[in-house]
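From first to last, the protein sequence lines are chains A and B. Residue 287 in the working numbering sits at position 287 of the first sequence, with consecutive numbering throughout. Adding 304 to a residue's 1-based position in the second sequence gives its number in the working numbering.
None of these hints come from the bench; they were simulated from the model. Do not rely on the hints blindly, as some may be mistaken.
[Said to hold, decoys possible] Between beta-carbon pairs, the in silico distance windows are: (1) Leu339(B) <-> Val84(A): 51 to 59 Å; (2) Gly174(A) <-> Trp645(B): 52 to 60 Å; (3) Gly174(A) <-> Asn499(B): 49 to 57 Å; (4) Val172(A) <-> Met318(B): 54 to 62 Å; (5) Ala603(B) <-> Ala127(A): 32 to 40 Å; (6) Gly274(A) <-> Leu635(B): 42 to 50 Å; (7) Met291(A) <-> Glu447(B): 26 to 34 Å; (8) Met318(B) <-> Gly274(A): 50 to 58 Å; (9) Ala127(A) <-> Thr558(B): 24 to 32 Å.
[Said to hold, decoys possible] Which chain B residues face chain A? A few, computed with CB under 7 Å, are given here: (10) Phe429; (11) Tyr430; (12) Ala437.
Just so it is clear, the structure is predicted and the values come from calculations on it, not from any experiment. For glycine and all other residues, C-beta sits at the position ideal for the given N, C-alpha and C.
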Amino acid sequence: MSNIATFFEVFVRGLGLGAIYSLVAMGFVLIYKVTGVLNFAQGQFALLGAYLVAILAPPALIFLELPAALAVVVTIVVGLLLGVVLERVIFRHFIGEPVLSVIIVTLALGGIITGGIQFFFGRDSRAYPATLQFDWSVPLLFGVDLNASFALGVALSLVVVLALMAFFRYTVMGSILRACSSDQQAAMVLGVSIERTIVLSWAISIAITSVGGILLAMSQGGTSFGIYGVGILIFAAVVFGGLDSIPGAFIGAIVVGLLQEVGDYYVAPVVGAGFGEVLPMLLLVVVILVMPYGLFGTERIERL
Amino acid sequence: MPCGEYFTSYEDRMGLVRWRIERIAFVLALPIPFLIPFVVSGGMLSTITRIYIMIIAVLGLHVILGYAGEIVLAQGAFMAIGAYTAVRVVTELGAGMIPAMILGGLLTAMVAVIFGLPSWRVKGFYIAISTLALQFIAEWFFEMGGRYEVIHGGTQQSMPREIGLIGDSLTIASRTEQYFLAFFVMAIFAILTLNLSRTGIARTFRGIHENDLSSAVLGIDVFRNKLLAYAIGGFMIGVSGALFAYYIGFVDPTHYTIDMTLEHYVMLLLGGIGRVWGVITGVSVISLLERGVRDFIAAYAADAAAIDAVFFGVVIIIVLAVEPKGLLAALGQIKDYFRKWPYAY
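Sequences and hints are given; from them, build the entire structure.
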């Protein structure tokens with residue numbers, strides 16, 4: 001009985017963690033789908049979101065004594081703005097450049113963000129204000145509780161995945177984004193402003209990602225520097241689900257969350273602490289070997 | 305340099321030293337590396353040694369990325385494997401530095417080939433992601449102290465300062481001797497890479513780089529050649545890792561993080577992909593610049609190491625936006641401008 005209960009607890013925690021990961025993963029897929037940029041700095045964006053809340057929320061800025069909830073809102077707005085600025089300043093120069101350049105630029109961007117945070121705010125973890133640490137939880141079967149931040153994560157990720165799918169399917173803007181992702185030149189000929197769509201997808205993506213980062217930090221009681229590791233974990237998720245599929249990213253992230261918790265609880269005592277984060281990496285390598293286009297990804301057909 | 309090509313044979317055309325001015329430059333420049341240890345001070349000598357070691361690693365990356373066109377993001381992991389192997393060979397087998405370097409290189413080449421296996425079906429960024437996974441796994445593996453001590457011999461280990469090249473004979477200890485070791489190994493690998501680019505092997509690699517589908521149609525075994533590139537490049541990076549461990553004096557996982565990968569990419573891209581001289585230029589410029597920037601920042605702020613990543617990031621974005629072909633191509637353009645000056649038409 002208790003065996004089933006612990007398994008259920010591990011399962012629920014993995015589900016919650018996976019839901020939070022799925023927010024970051026969907027942000028990643030959104031960018032890749034529309035702009036073709038493989039963003040290696042996604043984890044750093046999550047880290048940035050998590051740190052911004054910690055920096056804005058306490059009365060660190062004297063003239064801006066923000067209540068905690070407002071800090072979250074401000075962070076999301078900053079995320080949106082950051083998306084616009086990044087597109088304007090950096091990624092516009094790299095439309096049509098080879099894959100290598102884009103990958104290296106995002107890697108460099110990640111380095112800049114982590115280095116900047118480390119330089120200005122240090123590597124120490126920072127506690128979140130008490131108003132952002134909820135003490136409620138959702139009771140489930142076997143006396144297992146779903147932690148508040150995980151519950152929020154599950155709810156938000158479901159909302160986001162449904163909203164994004166509906167957005168792509170039913171709105172005009174969504175179909176414009178789809179048109180851009182399938183053929184940029186043809187869309188341009190038909191009078192679509194590529195710049196605007198790219199700005200839009202970056203802004204939405206970074207906003208979603210920072211929400212994911214904030215929730216991840218909340219589930220740990222405060223932000224820590226290690227959050228950017230999520231950027232590597234979600235690669236396992238998106239490769240598993242297919243690089244350009246939003247529902248695929250969602251499912252992949254849930255699988256990664258579950259694997260991580262199972263690895264931490266059942267396998268780590270055998271092979272060593274921290275194995276939970278390595279298990280998804282092993283899955284990643286296997287998936288790339290066995291079915292490189294994932295569950296829902298579109299297969300690329302090449303010809304001479 | 306004459307204003308046309310006056311080669312009369314293929315051997316002349318493909319020669320390493322082709323022009324009279326190059327011959328003169330070669331003869332004049334040859335003594336410089338041998339004189340450096342007697343001219344510059346200790347700190348600078350150590351920086352130059354580090355440059356030589358990094359050149360070897362970036363040359364390895366250059367073979368994989370510049371020749372074969374595979375994006376590998378596991379520089380840190382490859383160097384760590386070479387370093388830990390070298391430490392074990394030196395401290396436990398007592399075999400000396402040269403066997404340590406060779407074994408470190410071979411083991412790294414093996415791991416590189418294993419993680420190159422996905423190139424059987426995928427290419428481009430899928431390879432980038434799978435090697436990033438290797439980086440992640442390797443960092444975890446070396447961080448885990450006790451349990452895997454049988455394999456890697458402990459998370460932190462120190463390398464003896466005084467070391468024999470083979471067994472206990474030919475002992476080297478001082479900074480100057482270290483410098484010469486790094487220089488000779490670097491020179492060997494630079495010439496090897498330079499010559500590699502003139503053989504059929506690298507021509508095959510370049511063909512795969514340009515268009516792997518066409519190369520397959522032309523009868524090239526793409527998968528085997530990609531693995532060969534991984535093996536050659538991995539060997540070089542492993543050797544560099546072994547030398548780096550000896551240079552630092554101990555091994556610690558924090559040296560071999562993703563930041564090292566980023567650093568090597570900055571060096572390679574700044575110099576220009578595809579040419580050995582580009583690698584040498586890029587590594588030297590970045591290392592010297594980094595030394596200057598670090599000194600400059602350390603005077604004003606405490607956490608200068610954090611700024612390194614920011615510095616690399618900014619440099620790489622600017623280079624890629626302004627001159628994606630690198631410093632060497634920019635120099636070539638300047639040279640062309642002056643050759644045609646003042647009538648550039």
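Status of the hints after comparison with the structure:
Range check, Leu339(B) to Val84(A): about 55 Å between beta-carbon atoms, so the 51 to 59 Å window is met. Between Gly174(A) and Trp645(B), the C-beta spacing of about 55 Å keeps the proposed range 52 to 60 Å intact. Here the CB-CB span from Gly174(A) to Asn499(B) is close to 55 Å, well matched to the stated 49 to 57 Å. Checking the proposed 54 to 62 Å range against Val172(A) and Met318(B) shows it holds: the Cβ atoms sit about 60 Å from each other.
Taken as a hint, the range 32 to 40 Å holds for the pair Ala603(B) and Ala127(A), whose Cβ atoms sit roughly 33 Å apart. Taking the beta carbon of each, Gly274(A) and Leu635(B) are about 47 Å apart, inside 42 to 50 Å as hinted. Checked against the hint of 26 to 34 Å, the C-beta distance between Met291(A) and Glu447(B) comes to roughly 31 Å, which is consistent with it. A beta carbon spacing of about 52 Å between Met318(B) and Gly274(A) agrees with the range 50 to 58 Å that was offered as a hint.
At about 25 Å, the beta-carbon gap between Ala127(A) and Thr558(B) stays in the expected band of 24 to 32 Å. Interface hint status for Phe429(B): upheld, as the beta-carbon distance to the closest one in chain A is roughly 5 Å, under 7 Å. Using the Cβ-Cβ criterion of 7 Å, the hint placing Tyr430(B) at the interface with chain A is satisfied: the shortest such distance is roughly 5 Å. Restraint check, Ala437(B) versus chain A: the minimum CB separation of about 4 Å is within 7 Å; hint holds.
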